[in-house]
Every structure is written in C-alpha cells, then in structure tokens.
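Protein chains in written order, with this note's numbering: chain P, 9 to 122; chain C, 989 to 1101.
Errors might be hidden in some of the hints.
Below are the DSBU-like pairs computed for lysine-lysine, each with C-alpha atoms no more than 30 Å apart in a straight line [said to hold, decoys possible]:
hint : chain 1 : residue 1 : chain 2 : residue 2
1    : P       : Lys82     : P       : Lys71
2    : P       : Lys49     : P       : Lys71
3    : P       : Lys90     : P       : Lys49
4    : P       : Lys71     : P       : Lys90
5    : C       : Lys1097   : P       : Lys49
6    : P       : Lys49     : C       : Lys1047
7    : C       : Lys1101   : P       : Lys49
Covered stretches of chain P, going by a simulated chain C footprint (3 or more residues, C-beta under 8 Å) [what the hints assert, rightly or not]:
hint : segment
8    : 48-54
9    : 60-70
10   : 101-113
Quick caveat, the hints were computed from the structure, so don't treat them as lab data.
Even for Gly, the Cβ is constructed at its ideal location relative to N, Cα and C.
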Amino acid sequence: QLLASGGDLARPGGSLRLSCAASGFTFRIYDMSWVRQTPGKGLEWVAGVRGGGPETFYTDSVKGRFTISRDNFKNMLYLEMKSLRAEDTAVYYCAKSIREIEMWGPGTRVTVST
Amino acid sequence: DVVMTQSPLSLSVTPGQAASIYCTSSQSVLHSSEGFTYLNWYHERPGQSPRRLFSHVSKRDSGVPARFSASGSGTDFTLQISGVQAEDVGIYYCMQGTHFPLTFGGGTKLEIK
Chain P
9 QLLASGGDLA RPGGSLRLSC AASGFTFRIY DMSWVRQTPG KGLEWVAGVR GGGPETFYTD
69 SVKGRFTISR DNFKNMLYLE MKSLRAEDTA VYYCAKSIRE IEMWGPGTRV TVST
Chain C
989 DVVMTQSPLS LSVTPGQAAS IYCTSSQSVL HSSEGFTYLN WYHERPGQSP RRLFSHVSKR
1049 DSGVPARFSA SGSGTDFTLQ ISGVQAEDVG IYYCMQGTHF PLTFGGGTKL EIK
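Generate the whole structure from the sequences, applying the supplied hints.
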C-alpha cells in the first residue's frame, strides 16, 4: 500500500512537503516516483528516486524547486516542494517504481492559489 | 521530451464488442543499452487511482483479464480488449519509461453504450 499525505492550499512562492507511507513490500529495494494529475495536462511524472538512493530524477519544470527523498528505515517517501506555482496545482500520487510504475496510492491534492 | 500520442480520444463500445487503443511515441522507446522497451498501459476507473495493466509492452499484470492484450514495438503500440465488459469503463493511458522525463499519453476514454 502507498498512502500519500500533506496536500494543502499554498500561496504562489510557498512551500509544501508531501509524504508517502509505504507498506506491504520491501520498500528499500524499490525505486519510487511521484506523479501528478491535472484535468488540463493529464498525468505527469514529476520525480523519481532509486531504491538505495541517492540518485534522483526530475522533470524539467520542477528541477531546482522540488526535492524527492526517502527514508528506508521508516518506509517513507517525500516530496519537498518550494517556489510553488499555480501550474503545480494537481493531485499528487506516490508510485512504486520509476520506469515501470506498478502501483499508485490514493493521491493528495495540492492547490496553489492566492 | 518523448511525446506519447493516443488515439482515439474516446470510444463508445457495446458490451461484448472489441476495442483497440493506439499509442504512438515521437521516438523509439526501446532502451538501446538495456534492450527493454519500457512501455506500460494503465486503466483509471472513475474515482480511483490508475492501475497498471501491462509493462514491457505486453507483459500482463497479475489479475488482468485475458480479454486484454497489448502489442507493439519501437514507436507504435496497441491495447486491445477482445470483448468489452461494463467494468472496463474509464480512461486508458500509455506511458514510456525509457527516456527521462517519463511521459504519458493523453488518455483514451472508454464508455459503454
């Protein structure tokens, strides 16, 4: 199971931290991703992190603003989001794997607005 | 970025009829050094998170009914449903996992007549 949390209303330029609790599988050996979904742009892969870390990958629009990280002792995945923009408004999903995304948890909604 | 183009945008199918969804990538999604083609298909039911149906073009996930099949190579891929059932409604997405950033198709909405 994957359970994302931390979504909220944020101001443009603000910050949020998303968390994802993983259970039911050996978290530390799996690459993990964040994917977001908007009515206008559909599904967009945002970031990924290797199972053992520290290698990370990002889509261009979030590079330098978002940071994906993980805690393999706590079975937790994180997405630190800074300098938020209106276009970051979306439902964010925590997902298992990178190249073969195989499991999605329920999303958490992020709204960036004044 | 690799652009994934799906067609049709939507289709309405009578139960028991066949349906085909197409996905074309702007460049080959064969990973040249690994030899794998990272092309996945997902099904999103209303109000639910997407569920993977196939990985590596045609590797069916556990629990996916046999009426679903997938094929393709290089830049052209197809998802087929041999006899659509009511539970198959929703949106189908293809996704390439070969080139960063990973990209999704725009989705094909399947409705039942």
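Against the structure, the hints:
Simply put, P:Lys82 and P:Lys71 have alpha-carbon atoms about 26 Å apart, close enough for the 30 Å limit, and the pair holds. A threshold of 30 Å between alpha carbons decides the hint, and for P:Lys49 with P:Lys71 the separation of about 18 Å falls inside it, so the pair holds. For the hint pairing P:Lys90 with P:Lys49, the CA-to-CA distance comes to about 21 Å; that is within 30 Å, so the pair holds. A distance of roughly 10 Å separates the Cα atoms of P:Lys71 and P:Lys90; the hinted pair therefore holds under the 30 Å criterion.
Between C:Lys1097 and P:Lys49, the direct Cα distance comes to roughly 15 Å. Compliance with the 30 Å bound is thereby established for this hinted pair. Between P:Lys49 and C:Lys1047 the alpha-carbon distance is near 27 Å, which keeps this suggested pair within the 30 Å criterion. For the hint linking C:Lys1101 to P:Lys49, the alpha-carbon distance of about 27 Å falls within 30 Å, and the restraint holds. A stretch counts as covered by a chain when three or more of its residues have a beta carbon under 8 Å from one of that chain; for the segment 48-54 of chain P and chain C the count is 4, and the coverage holds.
Check on the segment 60-70 of chain P: 4 of its residues sit with their Cβ under 8 Å from a Cβ of chain C, so the three-residue criterion for coverage holds. Counting residues of the segment 101-113 of chain P whose CB lies closer than 8 Å to any CB of chain C gives 9, which reaches the minimum of 3, so the coverage claim holds.
Hint compliance for this structure: no hint is broken.
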